[in-house]
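Participant: Here is how the chains run, residue by residue.
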Amino acid sequence: MTVTARDKGLVACRECARVWPADHTHCEVCGNALQSRDTQSLQKVWAWWIAGIIAYIPANLYPMLTTRTLFHTSEDTIIAGALDLAAHGAFGIAAIILIASVVIPLGKFFAIAYLALAVRRGARWPPGRQYILYEVVEYIGRWSMIDVFVVAILCSLVQLNVAASITPGIAALTFALSVIFTMLSAQSLDPRLIWDRIETQDTKDPA
Amino acid sequence: MSSDIPDIPQTGQDRRGLFAGAHWVWLVPIAAVLTAVWVALQAYNDQGPLVQIVFDDAAGILPNETELRFRNVAVGIVEDVQFNDDLSRVLVDVRLDKTVAPFVDAEAAFWIVRPQVTTSGVSGLETVLSGVYIEGTWDTVPGGLASLHEANDRAPLITTFKRGTVIELRSTRAAGLSANTPILFKGIEVGRLGEPTISVNGQWVSAPAILYEPHDQLVTTATRFWDTSGFSLSVGPSGASLDFSSVASLISGGITFGTLVSGGEPLRAGLVYEVHPNEAAARNSVFEGSSGAVVRLTLIFDDNVSGLTADAAVEWRGLRIGRVANVSGIVDPDRFGDSRVRLLSTVEINTARLGIDANLSRSEAIDFLDERVVEGLRARLVNASLLAGGLKVELITDPDAPSATINREGDPFPLFPVTDSEVSDVALSAEGVLERVNALPVEELLDSAIRFLDNAAALVASDEIRETPGEILGLLSDARGVIGSDEVQALPEDLRVLMTDLQAASADVRGLLADVRDAQAVDRLLAAVDQVGLAAASAETALDDLPDLTERIATFIDGANALPLDALITQATDFAREAQILLSSDDIRAAPGAVVQAFDELSGVLNDITEANTADQLSAALTDASAAATAVEEAVAGLPSVVERLDRIAAGAEEVELDTLATELEAVLATASRLFGDASDADLPDALAGALAEAEAALAELRAGGLIDSANATMSSAREAAAAIETAADELPALANRLNTTLAQAQGTLRGYEEGSAFSRETLRALNEIERAAKALTDLARTIQRNPNSLILGR
Numbered sequence: 001m002t003v004t005a006r007d008k009g010l011v012a013c014r015e016c017a018r019v020w021p022a023d024h025t026h027c028e029v030c031g032n033a034l035q036s037r038d039t040q041s042l043q044k045v046w047a048w049w050i051a052g053i054i055a056y057i058p059a060n061l062y063p064m065l066t067t068r069t070l071f072h073t074s075e076d077t078i079i080a081g082a083l084d085l086a087a088h089g090a091f092g093i094a095a096i097i098l099i100a101s102v103v104i105p106l107g108k109f110f111a112i113a114y115l116a117l118a119v120r121r122g123a124r125w126p127p128g129r130q131y132i133l134y135e136v137v138e139y140i141g142r143w144s145m146i147d148v149f150v151v152a153i154l155c156s157l158v159q160l161n162v163a164a165s166i167t168p169g170i171a172a173l174t175f176a177l178s179v180i181f182t183m184l185s186a187q188s189l190d191p192r193l194i195w196d197r198i199e200t201q202d203t204k205d206p207a
Numbered sequence: 001m002s003s004d005i006p007d008i009p010q011t012g013q014d015r016r017g018l019f020a021g022a023h024w025v026w027l028v029p030i031a032a033v034l035t036a037v038w039v040a041l042q043a044y045n046d047q048g049p050l051v052q053i054v055f056d057d058a059a060g061i062l063p064n065e066t067e068l069r070f071r072n073v074a075v076g077i078v079e080d081v082q083f084n085d086d087l088s089r090v091l092v093d094v095r096l097d098k099t100v101a102p103f104v105d106a107e108a109a110f111w112i113v114r115p116q117v118t119t120s121g122v123s124g125l126e127t128v129l130s131g132v133y134i135e136g137t138w139d140t141v142p143g144g145l146a147s148l149h150e151a152n153d154r155a156p157l158i159t160t161f162k163r164g165t166v167i168e169l170r171s172t173r174a175a176g177l178s179a180n181t182p183i184l185f186k187g188i189e190v191g192r193l194g195e196p197t198i199s200v201n202g203q204w205v206s207a208p209a210i211l212y213e214p215h216d217q218l219v220t221t222a223t224r225f226w227d228t229s230g231f232s233l234s235v236g237p238s239g240a241s242l243d244f245s246s247v248a249s250l251i252s253g254g255i256t257f258g259t260l261v262s263g264g265e266p267l268r269a270g271l272v273y274e275v276h277p278n279e280a281a282a283r284n285s286v287f288e289g290s291s292g293a294v295v296r297l298t299l300i301f302d303d304n305v306s307g308l309t310a311d312a313a314v315e316w317r318g319l320r321i322g323r324v325a326n327v328s329g330i331v332d333p334d335r336f337g338d339s340r341v342r343l344l345s346t347v348e349i350n351t352a353r354l355g356i357d358a359n360l361s362r363s364e365a366i367d368f369l370d371e372r373v374v375e376g377l378r379a380r381l382v383n384a385s386l387l388a389g390g391l392k393v394e395l396i397t398d399p400d401a402p403s404a405t406i407n408r409e410g411d412p413f414p415l416f417p418v419t420d421s422e423v424s425d426v427a428l429s430a431e432g433v434l435e436r437v438n439a440l441p442v443e444e445l446l447d448s449a450i451r452f453l454d455n456a457a458a459l460v461a462s463d464e465i466r467e468t469p470g471e472i473l474g475l476l477s478d479a480r481g482v483i484g485s486d487e488v489q490a491l492p493e494d495l496r497v498l499m500t501d502l503q504a505a506s507a508d509v510r511g512l513l514a515d516v517r518d519a520q521a522v523d524r525l526l527a528a529v530d531q532v533g534l535a536a537a538s539a540e541t542a543l544d545d546l547p548d549l550t551e552r553i554a555t556f557i558d559g560a561n562a563l564p565l566d567a568l569i570t571q572a573t574d575f576a577r578e579a580q581i582l583l584s585s586d587d588i589r590a591a592p593g594a595v596v597q598a599f600d601e602l603s604g605v606l607n608d609i610t611e612a613n614t615a616d617q618l619s620a621a622l623t624d625a626s627a628a629a630t631a632v633e634e635a636v637a638g639l640p641s642v643v644e645r646l647d648r649i650a651a652g653a654e655e656v657e658l659d660t661l662a663t664e665l666e667a668v669l670a671t672a673s674r675l676f677g678d679a680s681d682a683d684l685p686d687a688l689a690g691a692l693a694e695a696e697a698a699l700a701e702l703r704a705g706g707l708i709d710s711a712n713a714t715m716s717s718a719r720e721a722a723a724a725i726e727t728a729a730d731e732l733p734a735l736a737n738r739l740n741t742t743l744a745q746a747q748g749t750l751r752g753y754e755e756g757s758a759f760s761r762e763t764l765r766a767l768n769e770i771e772r773a774a775k776a777l778t779d780l781a782r783t784i785q786r787n788p789n790s791l792i793l794g795r
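Protein chains in written order, with the working numbering: chain A, 1 to 207; chain B, 1 to 795.
Don't read these hints as lab results, they were simulated from the structure.
None of the values given here were measured: they were computed from a predicted structure.
Note that beta-carbon positions come from the ideal geometry of N, C-alpha and C, so glycine has one too.
Take the hints with a grain of salt, since some may be wrong.
Partial chain B-side listing against chain A, Cβ under 10 Å, derived [to be verified]: (1) A32; (2) P63; (3) N64; (4) E65.
FRET-style restraints, in silico, Cβ to Cβ [unchecked claim]: (5) V128/B with I146/A: 57 to 65 Å; (6) I79/A with A40/B: 44 to 52 Å; (7) T73/A with G144/B: 31 to 39 Å; (8) R37/A with L50/B: 50 to 58 Å.
The whole structure should be built from the sequences, with the hints applied where relevant.
Facilitator: Below, the structure is given as structure tokens:
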């Protein structure tokens, strides 16, 4: 028998974790708005999710880096650059790039979408495992910016004027936007909704 | 428990609308979608058209990287590189900028700019590192987009920033025509050549050329182009001249032009000009005129002579009417019957230069030539230049040539008959001469000459030779003394006197004969015979056994009777008559003194002679004989030895050649008679008088004995001279021996030389003459030694 705060007529502040009676609209400690359940959570999740997807498409189609040496200019997209590295034998680096730039963002998209769908319609995964997934997505989201960091560092370091220069491509911007949007999407998901499914399961079980 | 759950106020539920409950976050994906749509629309809107350029070779072209540039500004980028269906071409899709698209019409030209290092410069250097790019050019008039273009291999002559007139230059040799060759005018580049191509028939190399504006106005139809590449060195009567236009053209070649005559029409695009090898040829071409059809003929020369090359002249009466197009060999045993290599050359004859109508067709021109061939026109090879040694083809008219016609079925062109070549290999002859000169043993000759001269010098330096001139001088002075001596000088005079004396002697003989007649020798002889007859009769009577003696005596008498005394007497009579006639002439009488004097002298001489007169002696002998006969007669009895002696006497008498005597007398008389006959001429008396005077003087001198003295003196002088000559002659053998030795040496030396050479022969001849001279000298010396008086006698 699981007891939720909502069952007890309580609501917890998500900022300072102070529990208030359910009729409190604002936390008296930190002034945060109190809401037992964020009813618009899924809306925001999906909105950010879609924006992230939109941003992610050009991030893969357009070049991430524009490398200009003396007379030669090369523009590489993320995947092309990783494959190029793999072709040159740098499988480790290629794997890192692919994981950081392709696998993780895509995984995040799938994870968020799965969680959002699970909140709405239920899922086979128990809510505990869903919450672990949510935690991983939350935690790992920021590391997706590693590509953007690399591009930023390279561009600021390699500015040899005529001889060679590296400038960020349009993909760098959209990729950063995509990461931001997915982070916001993950953040928008109210994890308490996950537990609501447990309640319904519990209520179902006796029935 | 759920009833305990406080109602959670549902904010916003009261303002439900279309977007009721929608969170503002939805604006973000909407904005993203809008942005994407806007970007896509923008990109699509900005995208220019795609054109396809067809290349043979797309070296260095990369999709999305290789640019299309116009005036060195990127106006497009290659989007795709692919093959056409049969892989024969490369199709390059180029995305054009929207702004230039209308200008890329059908006239546009594209080519790949690659790094190029040529003699005229370096271009496209920047593409070494950045990769190639496609350069395009089009005019400034928008003509509508053409989506398919054929690329050029290299930059076209006319580009948007180099405008001009395109003409065609052609040449028979590719030397001057190469791509990018500048066309110079007074040293300034006014044009440029394009890529040369070879004409279909292989006769020409032609190349498009552009003359930039405004320099194209310098060219008219009367302009001639020539090649200025390299340099030309010409040596002429005005000295040597070295000519080269510029160092650049020295390396890369160059073409210049000049309008040598006025009256040409203005230049228009597409005109064809011929590039002459040099300025002189270009100038000549103005006068030659190049209009007229070209008739190609095949010549097959039996002589396989080297030296005939393509472009050699074909001349007729010294005028160049064509050229040799090519030269090759032909071996055709079926046609010629042997497998010799024959010279097959194709000549091109310009009918305009033959003086026939330039509008004649080719077959009509051949008809014209065929008529000339029937008249004897033939082709032959002659030396083009004695020094250069090249050959040219000359058309000559040989009326004696066997009849022939142009074989129109000849392969590859109508076969023109040929005649014997007139090729003299000067070089070979000169080489032969030089070889023979080279083969001459000059050094040995010089050595021998030096040895000969050494020997000659030693000989000349010898004391004997040095003395020889002195001795010869002495000899000559002696001889001069001998000849100049009064005695010798007097010799002719003496001889004349002697002759006169002889004449006188003959007169004496004449007188002697008269004396003989006077003495009546015959009578006496007869008397003696009578006496002998008497003696014989006596002896006959005394000695019957002496018939032989009688016979002999009879024979003797018969011989005596047979003597031509009658003729003798007749001659004498004639002589007397002649003498009488002579003496009766007035001239003779006119010089009585001389005659008298001469006769006095003569009579004196004759007296002298008479004193020892043969007639007397004869008569005495006859008397003796008669006495002997008497003695015989007396001693006849019993003295057989007497008979023998008589016999011997008779035999001796028989041996007395009375025949001869009589004959000679007759001859003398005849001579005398002739003499007197001749003397009847008018000039005789003077001569006779002179002769008489001479005879007188001679006789006087004879008397005085001066001649003898003179002769004696002469002889003594001659003896002295002979002695001197003998002394000199003693030295001569030594000299001759030396000369002989020298000559033997010289001869031995010279024998080693080649007998065929003129020098050797001359030398041998000279030496032989010297030898002969030496021999003659030896002979002379020997003769003089043996016969010193020959110096005087001259034999």
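Participant: For each hint, tell me whether it holds in the structure or not.
Facilitator: So, going through the hints one by one against the coordinates:
1. A32: Where the cut-off is 10 Å and the nearest Cβ of chain A is about 4 Å from A32/B, the hint holds.
2. P63: Where the cut-off is 10 Å and the nearest Cβ of chain A is about 13 Å from P63/B, the hint is violated.
3. N64: Holds, about 8 Å.
4. E65: Hint on E65/B: holds, closest Cβ of chain A at ~8 Å, below 10 Å.
5. V128/B with I146/A: 57 to 65 Å: This hint is violated: roughly 39 Å between Cβ atoms.
6. I79/A with A40/B: 44 to 52 Å: Between I79/A and A40/B, where Cβ atoms are some 21 Å apart, the hint is violated.
7. T73/A with G144/B: 31 to 39 Å: Given about 33 Å between the Cβ atoms, the range holds.
8. R37/A with L50/B: 50 to 58 Å: holds (56 Å)
Comparing the model with each numbered hint stated earlier shows that hints 2, 5, 6 do not hold.
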